[in-house]
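Now for the letters of each chain:
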Amino acid sequence: MPTVEGTLCLTGHHLILSSRQDNTEELWLLHSNIDSIEKRFVGSVGSIIVKCKDLRVIQLDIPGMEECLNIASSIEALSTLDSVSLMYPFFYRPMFEVIEDGWNSFLPEAAFKDLESMTDEWRLSEVNKDFSVCPSYPPLVAVPKDVDDDTLRKVATFRHSGRFPVLSYYHKKNGMVMMRASQPLTGTNGRRCKEDEKLINATLRPGKRGYIIDTRTINVAQQAKARGGGFESEANYPQWRRIHKALERSNVLQESLIKLVEACNDQSHSMDRWLSKLEASNWQTHVKEILTTACLAAQCIDREGASVLVHGTEGTDSTLQVTSLAQIILDPACRTIRGFQGLVEREWLQAGHPFQQRCAQSAYSNSKPRQEAPVFLLFLDCVWQILRQFPCSFEFSESFLVLLFEHAYASQFGTFLGNSTAERAKLSLPEKTVSLWSWVNRPQELERLTNPLYEANSLVIWPSVAPQSLLLWEGVFLRWNRSSKCLDEAYEEMVHIIEYNKELQNKVNTLRRQLAQLETEDPLLQTP
Amino acid sequence: MLWFCLESDKWSTIRTPKVEQVRLLDRFSNKTTNGTLYLTATHLIFVESISNNSASAGQEIWILHHHIASVEKLSLTTTGCPLVLQCRNFRVVHFVVQRERDCHDIYSSLLRLLQPVSYQELYAFSYNPKQNDQQREEGWQLIDLGAEFERMGVPCDQWQLTDVNRDYKVCETYPRDLYVPITASKPIIVGSSKFRSKGRFPVLTYFYQEKKAAVCRCSQPLSGFSARCLEDESMLQAISKANHNSRFVYVMDTRPKLNALANRAAGKGYENEDNYSNIRFQFVGIENIHVMRTSLQKLLEVIGTRSLSMSDYLVGLESSGWLRHIKAVVDAAIFLTKAVTVEGASVLVHCSDGWDRTAQVCSLGSLLMDPYYRTIKGFMVLIEKDWISFGHKFADRCDQLDGDPKEVSPIFTQFLECVWQLTEQFPQAFEFSEWFLLQIHEHVHSCQYGNFLGNNQRQREELQLRERTHSLWAFLMSERQNYLNPFYSPAYSEAHPVLAPSTLPYNFKFWRNMYHQFDRSMHPRQSILKTILTLRENSRKEEGTLQALESRLQQLGVTPIATSDPPAPPPTRDQRSNSNTLPPRPDSLILGAPINHKEVQRQEEEDEQEEVGEEATESTDTERTVEGSSGTESRKQSYGELEGTYNTELAKEEPAVVSLEFGVARMTC
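Chains D and C, in that order, give the protein sequences.
Just so we're aligned, residue 1 is where the first sequence starts under this note's numbering, counting upward by one.
Just so we're aligned, residue 1001 is where the second sequence starts under this note's numbering, counting upward by one.
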């Protein structure tokens, strides 16, 4: 890592380090990006080690103990603001021209229009318009046409946090659907809810059956009964077959991330130590399990021709990993830049993944984890795995995934603030902050995120989930540990080859047209 | 004539040349393929039968007998008699033969065919690629080691060619032509050779001209606990004197110290720093051939497990020790490189006999120091020099003849893997792609070309390989288009002649494309390498079209519109202009056998099926590949959970698309 000497400056939202020389890059670090800091003293020189949520580690050597301590406490205070409304997005003013306001780019109404063009079996319900039925749902949700709002209200009382089953994805090819919900509140005495049964059965075609994918093991699901939760019993849901998978809950995932990052930062030269730490982190296991479950859901829909309901406990974490990844596999539209933004909006932001809680701390947090968990990061990792296996089928490149990771944890944009649509509305985010999508959807930014190899692929893409096929996501986890210069240069060379080819093709086409025109103008010129 | 007799001889060992209704089981799923098994004098061939679903034509798998490492007949099951073949190119095939007698016939025929007792039985002596004698001769002349030493700047004022081994009298496992310091007289050489295991005295293998530093190699000294040899000491002194940049020579013993110590009891050992003036002695701790063999076995066992969990995979990867060994070799090569290029010191490398670890470290070190060895031709030269000519025992290590199983070891495979690991870190530094390494590995074991037969040059001359077999290098050179790395940048090599890789553990990855070469379901369904190669080929064609169009327009007296633009950036590679056209579908890279017509037809049919939209494939203007498809069945299994679906109607599948044999598909499209 290069050493830079310069002046440190703390502003309300940034830590700035400038060497005060022309043409040199300055370090601008958002305070909200700081995960934790450590102080060290050697003689009169104090060092502050700043560990960021994007996994970068910076060491600041500051002469003078007192000054060092002052700076450290300032950083600490500024990076742990309690109030959301003091966060940078509320103060950030865009320095770019907003072509399209991202806050309006992916409204549920628009998504429903697409659905309407394919089927008339669904309707957009306003039952949650004041967020009273389900606080974590958006005001508009797609439900079976034959199910009225009263039924929905009753179902909501039977599902954890009111998250009644809603449409997640409609598979145009065969009309099968994927729904998501939270666990049913059956409790120990096997409570049932006719309306719930009616609702999910309404999604089945006559004579057809469906699959319920419970992201918990059968044991965990059983134990949930004691706390009022539970699962759909065969007796009450005879048309559904339940499959249990073992996706981990948030605190386990957070610990896994911490261990993984610790392993990646270990400078030891022992191969055994690296491999055993990598294994002990369990990160790759989580990636494999999540991908496998998503593939299973996709397989039920596309291969078995069956509809699917996915849920875990709350339906805000592992459920969303599964439903969103299944769509990446099944739906080519989700593999475009805009389609992927739409997917993140629908299946994560509007679906009520509590970003603010989950991304409050990252891998370097010293405090005891509360609600933090790299659920979204794992989703991005899984997308990256599929991207690696189908490098020509995605319109976006790895950098888009890295960008989303960064902004989910610390951002000048308001997109990932708050835990639900209701909270975002309360904070007036659309009015007071800029959307990440407003920034991304500009030509110069899109160009940077585009995958030069992309060729639209309308097919379902089945990734391999064998351990040998899954890799460590170096672009995130080794990003700051080694120089990517060689890889970047090779990437540029690749872009160069592709562009050269395009240019040639354009020229050939131009000349062909020119020649054709000459020939039509003067038939005598036509070659015999 | 001779080979004809041998052929008929072989035929007589084949009791059953054809067995019908054989099932091929996929290694990682429950997928099976029905077909017919043919046993020929050189290959075992499985041809998929035309199934009820008329759309699927017969897939073929050709397995060279020499590639088969072991045949195992498992106990009879209700469906038939299972026969499992493990191949040296890491293919594993599992057949089920209906009748036990047939299975036994094939099994016993194979057993006999797999144990050639004389070199003349090897495929290279019967393989005839339709070349005349002159072409064959030219093929053998492609690599000239004399010219290679000249390229390094040897002979020079400090190093000379010695004829001491002209008749293989001093060391029978060394080549005839050897380079030694000017001051090393014949008596010194002969005396030193008597003090070195197998007579392998210190000789030059690479000369780093910039600093006049030499990389020398030898075997361990016969020092025992206290023996010394003045000639050997003079020899090292001579090496030291030949380099004015450094006052000392590094002596790298590539073994773990413990092993070297143990050798002393057998009258061997290592150099005592007190007896040799101006040496710096260093152990680097690469394990021996037995450890390496066991390590690879463990690795293959782990990755061959069905439904392997991530945890078992990583634990297995660790406990096999494979990547640790790979890292040890790279670390040693880096030590060598730094000593030579940074300190300007000469280095003498040895292990026990100086033909395994020594070959690995010297060749890998040279590759780090000299960009030439990172080109296609240079890499051939490197292998020819440090491995073939200096007597790496290919015959023993690769088990060419029925020999001692304890002599078999994947030393050369490790070297190829080390190179692959480097290509991952320096994607622009190598002229060749991974396919080149895989193809070399394939042929080191195929015994189809003469290059790797035998254990040393003397033996090769006795076998008259140059007269009676063909050279692999000529074949690879004729196909070099297929092995080019599109990201290669000669400019990069100019700017970074010496590579300085990082050996932090996370830089070493499992080489899936080698060890799962034939397990198609493991691989990415789209390949960047292939896509870019196709694009470049496409560009080459467009360049031609562009020129033709321009001249046509000029003929008509019109200025072409497009040329008024600034000219397109020139092709980035100089070799692009003088390269031949890439054949749209090259012959199989992996099998060396031409792709069967049926296979091509079959691919087209599969492509059509894909239009229905089962799986993704990449598509380009010129060709479509078969990377997608298949796997539907196998993938399904791997996602699990749906077996025993309660509703058979629901579970009804369209007829399974049979996968095209992966090795062929990936390597050729």
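Don't read these hints as lab results, they were simulated from the structure.
Warning: the hint list may mix true and false statements.
[To be verified] Coverage of chain C stretches by chain D, computed from C-beta distances (three or more under 8 angstroms per stretch; other residues unrestricted): (1) 1090-1102; (2) 1135-1149.
[Claimed, not checked] Ranges of calculated distance between the beta carbons of each label pair, as one might list FRET restraints: (3) G1267/C to F41/D: 56 to 64 angstroms; (4) D148/D to V1315/C: 28 to 36 angstroms; (5) W480/D to E1137/C: 53 to 61 angstroms; (6) T1079/C to D148/D: 54 to 62 angstroms; (7) E121/D to T1079/C: 33 to 41 angstroms; (8) E1343/C to S47/D: 46 to 54 angstroms; (9) W480/D to T1183/C: 49 to 57 angstroms; (10) E100/D to A1500/C: 46 to 54 angstroms; (11) K502/D to L1556/C: 52 to 60 angstroms; (12) S1108/C to K502/D: 58 to 66 angstroms.
C-beta: ideal position from N, C-alpha, C; glycine also.
> Hint by hint, which ones does this structure get wrong, listed from lowest number up?
Replying inline: 1, 2, 4, 7, 8 and 11
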